[in-house]
Amino acid sequence: RKEVEQDPGPFNVPEGATVAFNCTYSNSASQSFFWYRQDCRKEPKLLMSVYSSGNEDGRFTAQLNRASQYISLLIRDSKLSDSATYLCVVTNQAGTALIFGKGTTLSVSS
Amino acid sequence: GAVVSQHPSWVICKSGTSVKIECRSLDFQATTMFWYRQFPKQSLMLMATSNEGSKATYEQGVEKDKFLINHASLTLSTLTVTSAHPEDSSFYICISDRGATNTEAFFGQGTRLTVV
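Heads up: the protein sequence lines correspond to chains V and E, in order.
Numbering-wise, my numbering puts 79 at position 79 of the first sequence, and it's gapless, one number per residue.
Numbering-wise, my numbering puts 91 at position 91 of the second sequence, and it's gapless, one number per residue.
Since the hints were derived computationally from the structure, they do not count as laboratory data.
Quantities reported herein were computed from a predicted structural model and do not represent experimental measurements.
Even glycine gets a Cβ: it sits at the ideal position worked out from N, Cα and C.
Everything hinted at is true.
One side of the interface only, derived from the structure: several residues of chain E facing chain V at Cβ under 8 Å:
id	residue
1	Phe34
2	Leu44
3	Thr49
4	Ile93
5	Ile95
6	Asp97
7	Phe107
8	Gly108
9	Arg112
Distance condition first, Cα-Cα at most 35 Å in a straight line; then the derived DSBU-like pairs of lysine-lysine:
id	chain 1	residue 1	chain 2	residue 2
10	V	Lys79	V	Lys2
11	V	Lys45	E	Lys20
12	V	Lys102	E	Lys20
Using the sequences and the hints, build the whole thing.
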């Protein structure tokens, strides 16, 4: 089983749509969780950290379910500029290195 | 603010040559630097962990004699791909550790290596 699994997509949605991405991780000892965004041929950029209580940043909402080892990202009112690959990332057991999912590709069209 | 500066951004080299990739931490000291690579449509995979002043730790399946890592100072870590082959063509990126306070990691800009 892969350490971090994501649906690769692509998700093709119109502007204004709401889209949800899911992710599961295998190591129950992982301590920190993130969503990163990666544009083509660029380094990933941190979108948001994910907490068990859930957190929201503008149009983005992230949720963590430790019992199910499941992470989600909800994007509301999609913009063209949201088109990118979204990476689900967890830390290793030591809490130092990052373990990346393959990413879910989002394409928002007008 | 803290930045990891990675060079070169892209490089094309001939088979059999060696390529050195540098990551410098600016405005902070990186005791540990993680080196990853990403093949097309694949996830970033950890290759090795570089610790200042000591030998690097390599992940299973990564040849330490082929991917030489040097972390001689707290602000510079280098990865040298020796005797590069076309299958080494990939996106290589360094990421600093998150520190004792587990804050955000800092990413290099990545190096796209093409071996022809």
